[in-house]
Amino acid sequence: MTALVAGRKPIEGRIGWLERTVGGITANIEHAVFTERHARSAGWLQARDPRAKLVGFLVAIVATSLVGSLVALALLYGAVLAAARASRVPFGFFVKRVWLGIPFFAGIVVVPAIFFVPGDRVFDLAVGPAHLAPSWNGLVGGVLLVSRVGVSVSLAVLLVVTTPWADLLKSLRALRTPQVFVLVLSMTYRYIFLFLHTTNGILLARKSRSVGRSSGGEQRRWITGTMGNLMSRAFKMSNDVYAAMLARGFTGEVRVYSTYRMRATDWLSLGGVAAVSVAVVLATRVLP
Amino acid sequence: MHIPDGYLAPAVAMALAVPTVPAWGLATQRVKKVLNNRTVPLLAIFSALSFTIMMFNIPVPGGTTAHGVGGTLIAVVLGPWAAVIAVSTALILQALFFGDGGVLAIFANCLNMAIILPFVGYATYRLIAAGAPTLSTRRAIAAGIGAYVGISVSALAVGIELGIEPLLFSSGGHALYSPYGLREAIPAMLAAHMLGASIVEGLITGLGVAYLQRRHPEYLTSLRGIFAPEEAAAGRPSQRPLWQIVLATVVVAVAVLGAIGLVEGGGDPNRMFNADWSAVDWPSVGSMLLVTAIAGVVLVPVTYLLLPRSIKRIGSAFVALAVVAPLGLIAPGFAYGEGGAHDVKAAFGYVPTGLQDLSGIFAAPMSEYNLPLPFFSDANAPLWHAGIGYEIAGVLGILAVGGVTYLIARLLRGSGGPTSVAEEAGS
Chain A
992 MTALVAGRKP IEGRIGWLER TVGGITANIE HAVFTERHAR SAGWLQARDP
1042 RAKLVGFLVA IVATSLVGSL VALALLYGAV LAAARASRVP FGFFVKRVWL
1092 GIPFFAGIVV VPAIFFVPGD RVFDLAVGPA HLAPSWNGLV GGVLLVSRVG
1142 VSVSLAVLLV VTTPWADLLK SLRALRTPQV FVLVLSMTYR YIFLFLHTTN
1192 GILLARKSRS VGRSSGGEQR RWITGTMGNL MSRAFKMSND VYAAMLARGF
1242 TGEVRVYSTY RMRATDWLSL GGVAAVSVAV VLATRVLP
Chain B
89 MHIPDGYLAP AVAMALAVPT VPAWGLATQR VKKVLNNRTV PLLAIFSALS
139 FTIMMFNIPV PGGTTAHGVG GTLIAVVLGP WAAVIAVSTA LILQALFFGD
189 GGVLAIFANC LNMAIILPFV GYATYRLIAA GAPTLSTRRA IAAGIGAYVG
239 ISVSALAVGI ELGIEPLLFS SGGHALYSPY GLREAIPAML AAHMLGASIV
289 EGLITGLGVA YLQRRHPEYL TSLRGIFAPE EAAAGRPSQR PLWQIVLATV
339 VVAVAVLGAI GLVEGGGDPN RMFNADWSAV DWPSVGSMLL VTAIAGVVLV
389 PVTYLLLPRS IKRIGSAFVA LAVVAPLGLI APGFAYGEGG AHDVKAAFGY
439 VPTGLQDLSG IFAAPMSEYN LPLPFFSDAN APLWHAGIGY EIAGVLGILA
489 VGGVTYLIAR LLRGSGGPTS VAEEAGS
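Protein sequences, first through last, are from chains A and B.
Going letter by letter, the first sequence gives residues 992 to 1279 in this note's numbering.
Going letter by letter, the second sequence gives residues 89 to 515 in this note's numbering.
It is possible that some hints are incorrect.
Unchecked claim - Straight-line distance between alpha carbons at most 30 angstroms, and here's what the computed DSSO-like set of lysine-lysine pairs gives:
#, chain 1, residue 1, chain 2, residue 2
1, B, 120, A, 1227
2, A, 1161, B, 400
3, A, 1161, B, 120
4, B, 121, A, 1227
5, B, 121, A, 1198
6, A, 1161, A, 1227
7, A, 1227, A, 1198
As the list claims (entries may be wrong) - Computed, partial: chain B to chain A, Cβ under 8 angstroms:
#, residue
8, 97
9, 180
10, 191
11, 394
12, 396
Bear in mind the hints are in silico, worked out from the structure with no lab data behind them.
C-beta: ideal position from N, C-alpha, C; glycine also.
Working from the sequences, and respecting the hints, build out all of it.
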C-alpha cells in the first residue's frame, strides 16, 4: 500500500478515507494470515485440545475481571507471558500489539478521572489559575483499569494467535452453542475475506482512476452506492451458495465430524489454569 | 462503541446475557420460519456484509472519518430479527478474532449494537415511513432518521452500562471498573455519537436505501421479497402526513422534558428543574428574545454570504447556534449546562474537588461567556444587554476555536510531514 501514497506531497482534498479503508482491510487480511501461521507452529498452547484451551482462557479472563489488586494482575500477566513464551509467540509482537493500543483506548478515557475523583492529592501543581492535582484514588483506579484491560486483551490475543480458526469455532460447541450458529459463524468468516477482497478491488479501482479532487457529497454517494452494490451481490451470492448446498445434498441438518480427544495433559492444563485463576482471585483479598 | 473487557464488572457483563440470549433464540426461530433452509447462507453472507460495512471509513465534513454499523440498513432490508443475527455474528467474529470489543463483553456489545440498535432503528423507520410507497424519498429519509435514532439510543445504553459500574463496584474510594458515573458517562456517549457517528450512520443508511430504491427496488420488500418478488407491496399513498409526525415528536419531547422537570422540582410547576422560575423577569426576557431574533435574521444570512464556499453551511450553522445561545439566560440558576463550581454545588450539594481546581482555567478572559464591559455584564444591566454580550462572545469564541483549528491543520499539512507520514505508516 505504501507505494501508492508515498513519494508525493498529498494533494489538497485528497481522498484519505479510501487509503484508510484499504489500509484497514489489508491489515485485517494480513492479521488473519499471520495468525494462522502461528497457530500451526509447534508450541505448548498449540498442542492443547481447543476445547480445553477455550474454557481455560474464559476462566482466566473471568479471573482477570474479578481481580482488584495490581500485584495480582502483575502475577497473572507474568503467567500469560510465560505461556506465550512456551508457545513460541514472538515476544515483541505480543507485548507491543497489546500495550501500544491499550493506552489509546482505555488510557485516554481514564485520564480525566484521575483529576476528578476525590481523595488525597499526589501533588498540587499550580499552573496559573488552575491546579494540576491528581488524586491517589483516581490514579489507582485508572492504573487498575488500564492494566486489567491490558491483561484481558493479552489473553484474548494469545488464544486467537495459538488456535486455528476452524478449531476455535468447533470448540464453541463445547460451550453448547447451537450448531446452526457455529455454521453461520464459520461461513461468515469465509465470506468476510471474499467481501474484503472484493471491496479492496473496488476501492483500488476507484483510487487508480481518481485525478484531482471530488466533493464530499460525491464521495459519500459513491461509498453508499458501493455498499448498496455489495448488498445486491450478497443477495445473489447467497442464492448461489444455497443452490450449491442443495446440489450437494444439504437438507437443513448440520453434521460435523469431530476428531478431538481430551488427553490427560489437556485435563491437567485446564485444571492448572483453573487453580491459578482461583488462587489469584482469592489472593486479591490479601495482596495490596 | 465496542466495550472492551475490563470496563464492565463480570457480574454486569453476565447479567446482560439475560436479555441477549433469549433474543438470539427468538431471532433464530423467527428467521428460520421465514427462510427455511436458506437461513444459513443468507445470514452468513449478510453477517459478512455487516462486517465489511463496519470496515468502511466514511468522509465526514471536517476532514475526519467515521465508520458505521449498518444494523438499521440490514433491518430495513431483511427485517429486524435477521439484523439481530447478522450484526451479532459480525460482532462475535470481531471480538474473537480481531480483538475489537471484549470477550466477556460480547453480551453487552451485542445487546447494544445488534439488538437495541436494529429494533429502535427499524421502529423509527416504520413510524416515519408510515406506509409511504416503497420507492418514495420519504422511505429513504425515514431509514436515515431511524439509523440516527437507533445508534443514539444504543450509545445511551452503553452510557448506562458503563455509568452504573462505579455505583456498584468501588473499593476504598477508587472505582474498580469504569470510573465514570451516570452523570458523566451518559452525556459523553450521547454527545460523541449524536454529533458524529450517528450522523454518519444516518447518512449511509439513508443514501444506501436511496441507492437500493433506484437500482434494486426488489430488495426493499423485506424477507418476503426473496421468495415472491411479485408479492412486493407497491405501497400506498402516505396515510400519515409529515406535519403530524413532527407535531407528535415535538409534543412528546415537551411532555417528557416537562415530566422530568416536574420530578426534579418536586411537583411544583414554579420550581421546574429545581430552579426558581418566579424570579424570572418576563418583560425583559421578551425584549431579549426580540434582540435575539433580529440578530439571527441579520447575522445568519450575512455569514452565509461572506464565508467561502467550502465552509458556508457549517459556518452558518455555528453562527445560528451562537445566536440561539442567550436563550439559556432565561432559565434561572443552574439552567446552563456549563455552570461554574458554585452552580454545581447548589445543584448537587457537593463539589468534585478536581472540578474546583480546574474551574480557575475558565475564569479568563470572558467570564460567564459574556463580554467584560459594563454595558453587557453589569449586574443591573437589562437582560437584552447581556443577550447581545452572549452573542458577541459566542461568535468570537467560534472564530477563535475555528482559527486555532485551522492554524493547527495548516501547520500539520504545511510542513508536509506528520499527517502524510502517519497515513503511510497506517496504510
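Hints versus structure:
Taking the CA atoms of residue 120(B) and residue 1227(A), the gap is near 19 angstroms; set against the 30 angstroms cutoff, the hint holds. Among the hinted pairs, residue 1161(A) with residue 400(B) is inconsistent with the structure: their alpha-carbon atoms are about 56 angstroms apart, more than 30 angstroms. A C-alpha spacing of about 22 angstroms is found between residue 1161(A) and residue 120(B), which places the hinted pair at or below 30 angstroms, so the restraint holds. With a CA separation close to 21 angstroms, the supplied pair residue 121(B) and residue 1227(A) stays within the 30 angstroms bound.
A threshold of 30 angstroms between alpha carbons decides the hint, and for residue 121(B) with residue 1198(A) the separation of about 43 angstroms lies outside it, so the pair is violated. A C-alpha spacing of about 28 angstroms is found between residue 1161(A) and residue 1227(A), which places the hinted pair at or below 30 angstroms, so the restraint holds. A C-alpha spacing of about 26 angstroms is found between residue 1227(A) and residue 1198(A), which places the hinted pair at or below 30 angstroms, so the restraint holds. Nearest Cβ of chain A to the Cβ of residue 97(B): about 7 angstroms, under the 8 angstroms cut. The hint holds.
For residue 180(B), the suggested interface contact is upheld, since its CB lies about 7 angstroms from the closest CB of chain A, less than 8 angstroms. Checking residue 191(B) against chain A: minimum C-beta separation of about 5 angstroms stays under 8 angstroms; hint holds. Taking 8 angstroms as the C-beta cut-off, the interface hint given for residue 394(B) is violated, the closest approach to chain A being about 21 angstroms. Annotation: residue 396(B) was flagged as interfacial toward chain A, and the flag is violated, the nearest CB pair being 14 angstroms apart, outside 8 angstroms.
In summary, the numbered hints that this structure violates are 2, 5, 11, 12.
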